[in-house]
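> Heads up: the sequence lines are chains B and D, in that order. Following the numbering used here, the numbering of the first sequence begins with 1 at its first residue and continues without gaps. Following the numbering used here, the numbering of the second sequence begins with 162 at its first residue and continues without gaps.
Because the hints were derived from the structure by calculation, they are not lab data. Any given hint could turn out to be false.
[Stated by the list, open to error] Straight-line C-alpha distance at most 27 Å; calculated BS3-like pairs for lysine-lysine:
hint: 1; chain 1: D; residue 1: Lys293; chain 2: B; residue 2: Lys97
hint: 2; chain 1: B; residue 1: Lys43; chain 2: D; residue 2: Lys639
hint: 3; chain 1: D; residue 1: Lys639; chain 2: B; residue 2: Lys100
hint: 4; chain 1: B; residue 1: Lys110; chain 2: B; residue 2: Lys143
[What the hints assert, rightly or not] Only some residues are given here: those of chain B computed to face chain D with a beta carbon under 7 Å:
hint: 5; residue: Ser52
hint: 6; residue: Ser53
hint: 7; residue: Lys54
hint: 8; residue: Phe56
hint: 9; residue: Gly57
Nothing here was measured: the structure is a model prediction, and the numbers come from that model. For each residue, glycine too, the CB sits at the ideal point set by N, CA and C.
Chain by chain, the residues:
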Amino acid sequence: MPTVKSVETILKEHPNAGRDHLIPILQEVQESEGFLSQESITKVGRALNLPSSKIFGVATFFNMFRFQPKGKYHVMVCRGTACHVKGSGKSLDMVTKTLKIQPGETSRDKLFSLEIVACMGACGLAPVVNINGQFYAKISPMKLQRIIEECREKEQTHANA
Amino acid sequence: MFAIEANGQKIEAKKGETILQTLTRAGINVPTICHMEGLLPSGTCRMCVVEVEGFGGLVPSCSHPVAEGMKIRTNTPEVMQTRKTIIDLLLSNHPDDCLYCARNGNCDLAKLAADNGVRDRTFHGERTHRPKDISSPAIIRDPDKCILCGKCVRMCEEIQGVSAIDFVNRGSKAYVGTAFNEGLNVSSCISCGQCILVCPTAALSEHKYIDEVLQALADPEMMVVVQHAPAVSVSIAEEFGFKPGTDFDGKMVAALRRVGFDRVFDTSFAADLTIMEEGSELVHRVQNNGPLPMFTSCSPGWVKFVEQFYPEFLPNVSTCKSPQQMMGAVIKSFFAEKENLDPKKIVSVSIMPCTAKKFECGRPEMGRDFVPDVDFVLTTRELAELFRITGVNPAAIEPEPPDNPFGERSSAGKLFGASGGVMEAAIRSAYFLLTGEELKEYKIQDLRGMKGSKELRVKIGDLEVGAAVVSSLGQARKLMDEIKAGRSDIHFIEVMTCPGGCINGGGQPIGADQEAIKARMNALYQIDRDDRLRVSHKNEWVQRLYTEFLGKPLGHKSHELLHTHYEKREVLL
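Sequences are here, hints too, so could you generate the full structure?
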């Protein structure tokens, strides 16, 4: 579990930071808060004397930054070469359709968030999906849909209990 | 100087030049998109590629330095085909709605396609679609028409120092957008419209209010009055095919009457009024150790800029409203009383070289009892459109004078249209107000011209005043940072948001180069040279307004109608 550091603390750890410190700072903020909020981006901008439009531009350039908090279930779909060849694209389409979110987004009930990753180093298990750290091997759209349903049901029973 | 060979012909090149500069000087045209005069090359669009002997691939001429003995070819089949392909690719992701487009008739992309013989669609595929941003009262952004040349981004960052927009995402998904994809209205955009002037397509255009004005004109219940800014008369002629610098002052007034406006007023009258108020305010500040230096407040983009970026300087900004808003305020008070009209029955339109004025007239403090002082602002470009829609040809009409009580102006008021003009007018009148004598030479050469930053020390009686003039907010930022660092020899600073002043405003005709802007500027100087009334304080109608209505400069009524206040503005910086 990463420690939760405030943006102010992170900025303090980078004294005399210039624009070349932007990406490391953003990484630390995301690691601590889970995503880049408008507030943190403006704070970083003020400290580095950079306009937030510029920071947003830099941050959207890279896939690793997200601008919405992660959902309770963070779904990472691998789109690396092996997974691609094995048809991970279809599973991804299924997720975007069932959850009605695009990669980088979080569902409105804050339950699910979706991320595309390039390779998880588990090519032997392709196509592979990772939800909250747990790997699911040799996924198909059907299989993945069932996994998502299971997560939903688990939440339902939680709520009922 | 050394020689190179271009298309088989020997031409002279200077050390340190780019290939493009050398070729242009020799009369060889190379098409460009992303190239911007006066800024470092970015070399992103690749339109300007040429063949250089001994080089592997094609070379972007805008960003490659010229070297001795180069052998360049600009029209080989490979070069021409490459250009065509680039345009073809740009068009493949472009909506085919040219006939309905805001830039129909003066689109750079359409011209490039025509000039380079693109006559077939080679690439078919899916187009990206992003919603239009109509949140700003001044500027409309249509990302579908954007070809990602990046000129708006560079203008906003490098010239204006605002950076409201930047490239978002990467590769084929890249687009130009605001921070967090919010609307322009909550971004740090100051509505100056310089991005519109550099945009090759209609991805950026002004928020038009022509329909609203036409509707008001058609309403018999309403009295529709119009004011026109000093910089409009010297640029509107360009929209009708005349060369830059042609003055259409009287013709434009006559044409506005033909369109159906009940009264035509001259904003330069309000500029004279501004000088009386602002001059008195400066004297008051100097005598009372009031916050100095004092900044002018005529340029609404600049005012928003201070509110966002330098709120600590807000007490230094003159409390005077801009001439447009002063005129609006006296139209809906003094004029309404005189005509025995309910201010709600007056529609006040203003013709401005400016897009930020559209934002300014909507500021809540710019009106009383929920009646705005200025209802609609049209840019110079929209005025040309209005003339065309209504079938009025200003070129063919005999000049007419504007209407009283706000028709007479001094040529000092007219100078407000060029960078340095407000300062020149202010010094002329301040000299008289403080010494009781007129300046021997009205023309102040040091304050004239296109330079972004001008300074002058002037002796008025016993008082030595440090005056500075900056145009473009990048220049303003530099000066403000100097003042923040402790510089204190300046008392009065004129700031205009657009480089060169209103003559180069965001609402002016598109496609003007530096020479055209200079011609507009010289037209204003010419008017000043030939005018009989060259100082604001001698404008009789301004004096009458004071005796009949306002009382005295900085008086109670003036404060209520002609002055305003500023507040720190929270936007996404």
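> Each hint: holds or not?
Evaluated hints:
For the given pair, Lys293/D sits about 25 Å from Lys97/B by alpha-carbon distance, which is consistent with the 27 Å threshold. This hinted pair checks out: Lys43/B and Lys639/D have alpha carbons roughly 23 Å apart, not beyond 27 Å. A hinted pair counts as satisfied when its Cα atoms are at most 27 Å apart, and Lys639/D with Lys100/B does not qualify at roughly 48 Å. About 22 Å separates the Cα atoms of Lys110/B and Lys143/B, which keeps this hinted pair within 27 Å; it holds.
Against a cut-off of 7 Å between C-beta atoms, the interface hint on Ser52/B holds, since the closest Cβ of chain D lies about 4 Å away. Interface hint at Ser53/B: satisfied, since its Cβ lies 4 Å from the closest Cβ of chain D, which is below the 7 Å cut-off. Given the 7 Å rule on beta carbons, the hint for Lys54/B holds: about 5 Å separates it from the nearest Cβ of chain D. Given the 7 Å rule on beta carbons, the hint for Phe56/B holds: about 4 Å separates it from the nearest Cβ of chain D.
The interface hint given for Gly57/B is met, as the beta carbon of that residue sits about 4 Å from the closest beta carbon of chain D, less than 7 Å.
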